[in-house]
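J.: Those protein sequence lines, which keep their order, are chains A and B.
With this note's numbering as the guide, the letters of the first sequence map in order to residues 1 to 278.
With this note's numbering as the guide, the letters of the second sequence map in order to residues 1 to 230.
The set of hints was computed from the structure by calculation and includes no laboratory data.
One or more of the hints may lead you astray.
[Stated by the list, open to error] With beta-carbon atoms standing in for the labels, derived distance ranges:
(1) V153(B) / K137(A): 38 to 48 Å
(2) P42(B) / K54(A): 47 to 57 Å
(3) D136(A) / M201(B): 30 to 40 Å
(4) F90(B) / P49(A): 38 to 48 Å
[To be verified] Which bits of chain B does chain A cover? Going by a derived footprint, with three or more residues having C-beta under 8 Å, they are:
(5) 109 to 120
(6) 130 to 136
(7) 169 to 177
Since we're looking at a predicted model, the values are computed, not measured.
Where is the CB? At the ideal position from N, CA and C, for every residue including glycine.
Here is how the chains run, residue by residue.
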Amino acid sequence: MLNRRLFAAIAAFAMIAVSGIPAMAQDKSIVVASTTSTQDSGLFDYLLPIFKEKTGIAVKVIAQGTGQALDTARRGDADVVFVHAKAQELKFLEEGYGVKRFDVMYNDFVLIGPKSDPAGIAGTKDIAAALVAIKDKKAPFVSRGDRSGTHSAELNLWKAAGVDIDAAKGDWYRAIGQGMGAALNTAAAMDAYVLSDRGTWISFKNRGDLQIEVEGDKRLFNQYGVMLVNPEKHPTVKVDLGQAFIDFLISPEGQKTISEYKIDGKQLFFPDAKPERS
Amino acid sequence: MPESVDAWQLIAGGDATLFAIVRLSLAVSLSAVAIAVLVGLPLGALLALTRFPGRSAMIVVLNGFMGLPPVVVGLTVYLLLSRSGPLGEFGLLFTPAAMVIAQALLVLPIIAALARQTIEDLWSEYRDELTAMGVSPAGRVATLLWDSRFSLVTALLAGFGRAAAEVGTVMIVGGNIEGFTRTMTTTIALETSKGNLPLAMGLGIILIGIIIAINAAAWGLRLWSERRAG
Numbered sequence: 001m002l003n004r005r006l007f008a009a010i011a012a013f014a015m016i017a018v019s020g021i022p023a024m025a026q027d028k029s030i031v032v033a034s035t036t037s038t039q040d041s042g043l044f045d046y047l048l049p050i051f052k053e054k055t056g057i058a059v060k061v062i063a064q065g066t067g068q069a070l071d072t073a074r075r076g077d078a079d080v081v082f083v084h085a086k087a088q089e090l091k092f093l094e095e096g097y098g099v100k101r102f103d104v105m106y107n108d109f110v111l112i113g114p115k116s117d118p119a120g121i122a123g124t125k126d127i128a129a130a131l132v133a134i135k136d137k138k139a140p141f142v143s144r145g146d147r148s149g150t151h152s153a154e155l156n157l158w159k160a161a162g163v164d165i166d167a168a169k170g171d172w173y174r175a176i177g178q179g180m181g182a183a184l185n186t187a188a189a190m191d192a193y194v195l196s197d198r199g200t201w202i203s204f205k206n207r208g209d210l211q212i213e214v215e216g217d218k219r220l221f222n223q224y225g226v227m228l229v230n231p232e233k234h235p236t237v238k239v240d241l242g243q244a245f246i247d248f249l250i251s252p253e254g255q256k257t258i259s260e261y262k263i264d265g266k267q268l269f270f271p272d273a274k275p276e277r278s
Numbered sequence: 001m002p003e004s005v006d007a008w009q010l011i012a013g014g015d016a017t018l019f020a021i022v023r024l025s026l027a028v029s030l031s032a033v034a035i036a037v038l039v040g041l042p043l044g045a046l047l048a049l050t051r052f053p054g055r056s057a058m059i060v061v062l063n064g065f066m067g068l069p070p071v072v073v074g075l076t077v078y079l080l081l082s083r084s085g086p087l088g089e090f091g092l093l094f095t096p097a098a099m100v101i102a103q104a105l106l107v108l109p110i111i112a113a114l115a116r117q118t119i120e121d122l123w124s125e126y127r128d129e130l131t132a133m134g135v136s137p138a139g140r141v142a143t144l145l146w147d148s149r150f151s152l153v154t155a156l157l158a159g160f161g162r163a164a165a166e167v168g169t170v171m172i173v174g175g176n177i178e179g180f181t182r183t184m185t186t187t188i189a190l191e192t193s194k195g196n197l198p199l200a201m202g203l204g205i206i207l208i209g210i211i212i213a214i215n216a217a218a219w220g221l222r223l224w225s226e227r228r229a230g
């Protein structure tokens, strides 16, 4: 008798617990693998409700580094990828995992560092010279170290500066293997330099003594692209819904919406989709 | 989660997003514990009351699995449930169901191992009596489970604590999707990465409060039923 009551209690407990879970199968939804910079900057919180209002499609965003986001899509676990590392994106297309790539928007990277500025680079415009100064002074530098778009950009910049970072790295170069926000938190805690996308920097709330040291160099350009995952590789891809999201992003309306996302009056992303779907 | 608010405003304002996140966290962790109980108690009882070759090894492995690293469990479940994995056709990755599965795997060893110990200890005390009374094996298990129910509640709470507190598996298999798989712990991780440390800390305090409240409820239930049982 008593045991039946115990089992009834456990069963009731399980049922109450499970009933709290939202419906497993949502009618119209897609999974978008994207980057920590788009999420941490708050763009999706602003953009996705507008898209849902218009189309009824719920977009589920998995925010990862660009490298990991592309891997998630390669495994067939996302319908759309929305990332920012062109070389990696083109490789993804070449391998046949993506249907087509569209430019969506850009912002730029900024070199962040402590107000004390041990490398003496604040206000300069030459990112390559600034990185060389950081290396020469062995000033603390936080690297994402996670194959993200920002990490790829950082590695390209070291190359542009003529620094073989694998050979030059020492105690001063700290690869943390985490997202953009975590890298900024780390830099704030250890008064280090760090490369950030401007969107995440503007929305970041734990700046401590950090400030922008270098900005405005052409080489700090940061392009975002979007691709539908190839249904020939993964038949489960929701082609129509995914394409609807891409079409919205590159449509005049979507582009205008992106340009209207501001924090403290500052525009975070600049739309630059080509007018025709070429 | 709205910008520039602190956690107390969210609670005081009865914030719907916060409520949904708390509800999902509890639903996932409680479901995981329920599944782990349904599998773990019989498994623990079996190990406690039977003797077979390899039993000791199994007990050692089970005890060891109480310390399974959440991130490894998460990765394993991720690879199993991924569209490219063996269970990909069900499309469970990045859903609450995936989080329940992963947490159930984390909690199962705790409940099974603690149940095994509890039941075995009690068995050594009851053996002569139960044998003399000619109680059937099923009856023995039932009696032992029932008489050790108060200790088993502690095992259950240990399992729940493990599930509710972890972030490694739910982040990997859930994907921290807003309004769908975002839990208390992944929200705290996200707000931390946004540099929103006061909000993250506030949410952390709420989470601790909820876990303590659940433990208090279990304690109260125990007192009440002990009194009833006389």
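J.: For every hint, state whether the structure bears it out.
T.: Hints and how they fare:
Taken as a hint, the range 38 to 48 Å is violated for the pair V153(B) and K137(A), whose Cβ atoms sit roughly 60 Å apart. Take P42(B) and K54(A): their Cβ atoms lie about 51 Å apart, and the range 47 to 57 Å holds. For D136(A) paired with M201(B), a C-beta distance near 39 Å keeps the hint of 30 to 40 Å intact. Checked against the hint of 38 to 48 Å, the C-beta distance between F90(B) and P49(A) comes to roughly 29 Å, which is inconsistent with it.
Restraint check on the region 109 to 120 of chain B versus chain A: 0 residues with Cβ-Cβ distances below 8 Å, three needed, restraint violated. Here the region 130 to 136 of chain B counts 0 residues with a CB under 8 Å from a CB of chain A, which misses the bar of 3, and the coverage is violated. Coverage of the region 169 to 177 of chain B by chain A holds [criterion: at least 3 residues with CB-CB distance below 8 Å; count 3].
Consistency note: the structure conflicts with the earlier hints numbered 1, 4, 5, 6.
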